[in-house]
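Colleague: Fit chain B to the known structure of chain X by using the hints.
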Amino acid sequence: MNKKWNEQQMVERLRDERLREVAFTQLVDHFKEQLYWQIRRMVFSHDDADDVLQNTFIKAWTGLDGFRGDAKLSTWLFRIANNETLNFLERQRQALSLDDEAAMGIAASLESDPYFDGDETERQLQEAIASLPDKQRQVFNLKYFEEMKYEDMSDLLGTSVGALKASYHHAVKKIADYFGSRD
Amino acid sequence: MVQEEKIIKQHDSGRNPFQMPDGYFENFTDRLMARIAEEEKKEPERVVAKTISMTPWRKMMRYAAAVVVVAGCLGGGALLYNRLQTADSLLVADAMDFTWDDETLDDALDYEMVDSKQIAYYLTEAY
Chain X
56 MNKKWNEQQM
66 VERLRDERLR
76 EVAFTQLVDH
86 FKEQLYWQIR
96 RMVFSHDDAD
106 DVLQNTFIKA
116 WTGLDGFRGD
126 AKLSTWLFRI
136 ANNETLNFLE
146 RQRQALSLDD
156 EAAMGIAASL
166 ESDPYFDGDE
176 TERQLQEAIA
186 SLPDKQRQVF
196 NLKYFEEMKY
206 EDMSDLLGTS
216 VGALKASYHH
226 AVKKIADYFG
236 SRD
Chain B
31 MVQEEKIIKQ
41 HDSGRNPFQM
51 PDGYFENFTD
61 RLMARIAEEE
71 KKEPERVVAK
81 TISMTPWRKM
91 MRYAAAVVVV
101 AGCLGGGALL
111 YNRLQTADSL
121 LVADAMDFTW
131 DDETLDDALD
141 YEMVDSKQIA
151 YYLTEAY
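First to last, the sequence lines map onto chains X and B.
FYI, in our numbering the residues of the first sequence are 56 to 238.
FYI, in our numbering the residues of the second sequence are 31 to 157.
Source of the hints: derived by calculation from the structure; they are not laboratory data.
One thing to keep in mind: the hints can contain errors.
Pairs of lysine to aspartate or glutamate, DMTMM-like flavour, derived with a Cα cap of 20 Å [to be verified]:
no., chain 1, residue 1, chain 2, residue 2
1, B, K39, X, D174
2, B, K72, X, D106
3, B, K39, X, D172
4, X, K229, B, E34
In silico contact screen, one side only, chain B against chain X (beta carbon under 7 Å); selected entries [stated by the list, open to error]:
no., residue
5, D42
6, F55
7, N57
8, F58
9, T59
10, I66
For clarity, every value in this text was computed on a predicted model and none was experimentally measured.
Glycine included, every Cβ here is placed at the ideal spot set by N, Cα and C.
In isolation and in its complexed conformation, chain X is listed as follows (with noise of 0.2 Å):
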């Protein structure tokens, strides 16, 4: 990430019609990766994260105008990433039941993936991870993944410090019953 980053400016140059595109360009470029890997850890093949992605950013553009600057942009981004990785969940979920040979788990559909680089204890890490409810499973990856604090999560998500240190007890406990149950 630039480490020139100052978000006043930034936002005073999103606002300016005549600097809008260079500014914007400079905040995808800051933004593209940590919102890439929040995404991917969801979604977990790289079309569709590259899909959701860019969606995110098309989204950011066409909603530049309503933009208050209320909350960060980092705030503001990742909320657009999180309903547009939710929705295509959703979307994916709707038109994998229609078509129960593609509903294989996610380890075999991993193992043939030629982005995951994961040995069969990885793959089953992600199928245990996978079996989680998507709400749980994001506040899992922010939490065992990125390390972030609760009260960051809180101010991301909307959900109070209680009810995500509890959901992520529960995470933690569905993925360790996972394996008791294999191993």
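Modeller: For chain B alone, coordinates are given in the frame of chain X:
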């Protein structure tokens, strides 16, 4: 909780197994901006309301035209009302000439689904 996290750590190599195509992030912004430009071309042109400024003379002409239209509507309405009144009077006159024969009465009673007991009841003083 600690025990359960330990179980997860045992199955986690600690490295990120997810990969992406070479140069993905380097090309991403250009691809995205090209797509945005493409999508903006597809968007239909916005319909903008046009405001026409009028000279006082034109304003007067338009007010006069509006008055003529309103007067026309009111005059037409009055004419239509008169015609309907005339039609109503003719219908009343027709009705006064009408006589009830047995066949017509039977048809009317069938239509109303009134049986002979009800007719007898209607003819009593109780009704």
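Colleague: Each hint should be assessed against the structure and marked as holding or not.
Modeller: Cross-check of the supplied hints:
As the CA atoms of B/K39 and X/D174 are separated by approximately 15 Å, the hinted pair is consistent with the 20 Å bound. Only pairs whose Cα atoms come within 20 Å are accepted, and B/K72 paired with X/D106 is accepted, the gap being roughly 19 Å. Distance check on the hinted pair: B/K39 and X/D172 sit about 18 Å apart at the alpha-carbon level, within 20 Å; holds. For the proposed pair X/K229 and B/E34, the alpha carbon gap of about 9 Å is at most 20 Å, so the pair holds.
Below 7 Å, beta-carbon pairs count as interface contacts, and B/D42 has one with chain X at about 6 Å; its hint therefore holds. Interface hint status for B/F55: upheld, as the beta-carbon distance to the closest one in chain X is roughly 6 Å, under 7 Å. The closest approach between the C-beta of B/N57 and any C-beta of chain X is roughly 11 Å, which is over the 7 Å cut-off, so the hint fails. For B/F58, the interface hint holds, the least distance from its beta-carbon to any beta-carbon of chain X being 6 Å, beneath 7 Å.
Taking 7 Å as the C-beta contact cut-off toward chain X, the hint placing B/T59 at the interface holds, the least distance being around 5 Å. A hinted interface residue such as B/I66 counts as satisfied when its beta carbon comes closer than 7 Å to some beta carbon of chain X; here the least separation is about 6 Å, so the hint holds.
Hint check: a violation occurs at hint 7 only; the rest are consistent with the structure.
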